[in-house]
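With chain A's structure known, arrange chain B on it following the hints.
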Amino acid sequence: MAPPRCCVLEITGLRAGYGAIEILRGVDLAVGAGEIVALLGSNGAGKSTLNNNVCGLFKPFGGTVRFDGKDIAGAASTRIVEEGLIQVPEGRRVFPNLSVRDNLELGSYRRGRKDRARNLDRVVDIFPRLKERWAQSAGTLSGGEQQMLAIGRGLMGEPRLLILDEPSLGLSPLLVEEMFALIGRLNTDGLALLLVEQNVVQSLAIAHRAYVLENGRIALSGKASELAENPELRKSYLGH
Amino acid sequence: MFDPGFILAGVLNGLLAGGIYVLVAVGLTLIYGVLHIINFAHGSLLMLAMYAVFFLWKLAGLDPYMSLPIVIVGAFVVGFLLYRGLIGRFSHGRDENILLITLGVSIVADNGALLFFGGNTETVDVPYAGQIIELGVAFLPLAKVISFVASLVICLALGLFMAKTDTGKAIRAVAKERQGARLVGIDVEKIFAISYGIGIACLGAAACLLMPTFYVTPQSGYAFVLVAFTTVVLGGMGSFVGAAVGGFLIGVTESLGGLFLGEQLGQIGISLIFILILLFRPTGLFGAKA
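Sequence order for the protein chains is A and B. The first sequence begins at 73 in our numbering and counts up one residue at a time. The second sequence begins at 3 in our numbering and counts up one residue at a time.
In isolation and in its complexed conformation, chain A is listed as follows:
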């Protein structure tokens, strides 16, 4: 299935890596408005490399990255956040020495500062647990709470596209369920999401479309419901 015509994020021919090592060897990927797109792939397939290059942590070797029609390939992370492309990174990357509240407030450091108070209320509505931990430093939270905080911090920047990198990693099965339910709810409000996951079954269950990254190239792509039935995918990722 071709990506929708009005794309929030449109990546074409992206090549990227570290030093002399090329990890991504021409990746095409698009996220339409209001879509959940899953990016699947095993460890080392290049998922995080893609994320870090899209979000401005590294400069790609080549290719284009367009966000809302603007070319952002190689732009500074400050500008990319300012445009509203926000990543919730793998490993949460919350500020361990800052309180839950300060972590959230810094989520609107670059973008969304005007409506900080309103957004704080909104995040607390989504994650009431964070309110209970309000003045506690983030380093003392459990893994699940830190994941909530990382997502909450991302929402504080009023994202137009939220990239979630392995949000289910290290969570208990029950929390993983909750996390995917939450991702679905965020999308019902119209937020476009790029979900980078190893958890194939649940990702395909909530995503509209999906891409499978293998050795730095897109090996498969299409409607999530169709990919879920794909024999090749089932064999490589589900073992049957």
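To be clear, the hints were calculated from the coordinates, so they are not data collected in a lab. One thing to keep in mind: the hints can contain errors.
[As the list claims (entries may be wrong)] Here are the computed lysine to any residue pairs in the SDA-like style, where the Cα-Cα straight-line distance is at most 25 Å: (1) A:Lys-203 - A:Arg-190; (2) B:Lys-166 - A:Thr-212; (3) B:Lys-178 - B:Met-239; (4) B:Lys-192 - A:Ala-147; (5) A:Lys-131 - A:Ala-147; (6) A:Lys-131 - B:Leu-88; (7) A:Lys-131 - A:Arg-151; (8) B:Lys-178 - A:Arg-205; (9) B:Lys-166 - A:Arg-190; (10) A:Lys-131 - A:Gly-163; (11) A:Lys-186 - B:Lys-192; (12) B:Lys-178 - A:Leu-129; (13) A:Lys-131 - A:Glu-162; (14) A:Lys-203 - B:Met-164; (15) B:Lys-192 - A:Thr-150; (16) B:Lys-178 - A:Thr-150; (17) B:Lys-192 - B:Thr-167; (18) B:Lys-192 - B:Gly-87; (19) B:Lys-178 - A:Leu-192; (20) A:Lys-203 - B:Thr-169; (21) B:Lys-178 - A:Pro-168; (22) A:Lys-203 - A:Ser-244.
In this text the structure is predicted, and so the values were computed from the model without any measurement.
Leaving out everything else, chain B in the frame of chain A:
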């Protein structure tokens, strides 16, 4: 000699001297906490700030306390630009390069000062230099009381800035989680420059508070930076509270050491503390475990 009043007076004098140490150490610990390097230029930049205070007094007739705002802002700008133009640009993100560049800055500053200002001891003459406050048991030099109070006020203001403002929070965020900081849109390089600027601004403040009772030569910075380094290790690298408590402890140690061992040997206590801390509590009093 072991009269309690005598000792109390020693403690008070030590606390007063400690205020300056706290300021110098807070600057050092802030730069360490954020950039993860020891600023080798710290002593030399303090010396340059002291010359700035001296020349503001000599050429413009400005009292050292009146020059506080000018020197603090000036020192911040110098620190900010030094980071932006030199340290950040040529370090290429490698900590050991930052270290070498700050060492280079200190060599250039020291010899530049020797070349342009000469090796003479310069002092500022202020009418209140000899004034004493009588406090029951102790006679305290007015200038030292002022510097003590001002140091406290400046440290509290800095603490509030770090706790309450977005920039302060961003500095603390960058200190522990640079990638997370980039992902919320914090300009990490700018925060580095601001942190370095604030660290040097602390030196500017220290210079203004020192000059009424101290002298400046191109070597003046060293004595303080050695003490500040001990303070930072004692308090815990990167810890604000540690730098404050450490500064006062060092001040008192030096003062009591001077009292019992004589002025020349007073600093032995500081070295002793340094060795003991490294042996028994290398993370310092308030340092993080890892």
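Each hint tested on the structure:
Restraint check for A:Lys-203 and A:Arg-190: satisfied, since their Cα atoms lie roughly 14 Å apart, inside the 25 Å limit. Pair hint B:Lys-166 plus A:Thr-212 holds up; C-alpha atoms about 21 Å apart against a cutoff of 25 Å. At roughly 13 Å between alpha-carbon atoms, B:Lys-178 and B:Met-239 fall within 25 Å of each other, so this suggested pair holds. Distance check on the hinted pair: B:Lys-192 and A:Ala-147 sit about 16 Å apart at the alpha-carbon level, within 25 Å; holds.
Among the hinted pairs, A:Lys-131 with A:Ala-147 is consistent with the structure: their alpha-carbon atoms are about 8 Å apart, no more than 25 Å. A hinted pair counts as satisfied when its Cα atoms are at most 25 Å apart, and A:Lys-131 with B:Leu-88 qualifies at roughly 23 Å. At roughly 13 Å between alpha-carbon atoms, A:Lys-131 and A:Arg-151 fall within 25 Å of each other, so this suggested pair holds. Distance restraint check for B:Lys-178 and A:Arg-205: the Cα-Cα separation of roughly 20 Å lies within the 25 Å cut-off, and the hinted pair is therefore satisfied.
The suggested pairing of B:Lys-166 with A:Arg-190 holds, with an alpha-carbon distance near 19 Å, which does not exceed 25 Å. Proposed proximity of A:Lys-131 and A:Gly-163 is supported: the alpha carbons are some 21 Å apart, at most 25 Å. For the proposed pair A:Lys-186 and B:Lys-192, the alpha carbon gap of about 22 Å is at most 25 Å, so the pair holds. The straight-line distance between the Cα atoms of B:Lys-178 and A:Leu-129 is roughly 17 Å, inside the 25 Å bound, and the hint therefore holds.
A hinted pair counts as satisfied when its Cα atoms are at most 25 Å apart, and A:Lys-131 with A:Glu-162 qualifies at roughly 19 Å. Distance restraint check for A:Lys-203 and B:Met-164: the Cα-Cα separation of roughly 23 Å lies within the 25 Å cut-off, and the hinted pair is therefore satisfied. In summary, the hint linking B:Lys-192 to A:Thr-150 is supported, as the alpha carbons are separated by about 11 Å, within the 25 Å threshold. As the CA atoms of B:Lys-178 and A:Thr-150 are separated by approximately 18 Å, the hinted pair is consistent with the 25 Å bound.
Between B:Lys-192 and B:Thr-167 the CA atoms are separated by roughly 16 Å; this keeps the pair inside 25 Å, and the hint holds. At most 25 Å may separate the alpha-carbon atoms for a hinted pair to count; B:Lys-192 and B:Gly-87 meet this at roughly 12 Å. A hinted pair counts as satisfied when its Cα atoms are at most 25 Å apart, and B:Lys-178 with A:Leu-192 qualifies at roughly 23 Å. Of the pairs offered as hints, the one joining A:Lys-203 and B:Thr-169 holds, with about 23 Å between alpha carbons and a cut-off of 25 Å not exceeded.
Taken as a hint, the B:Lys-178 and A:Pro-168 pair is honoured in the structure, with Cα atoms around 7 Å apart against an allowance of 25 Å. Pair hint A:Lys-203 plus A:Ser-244 holds up; C-alpha atoms about 21 Å apart against a cutoff of 25 Å.
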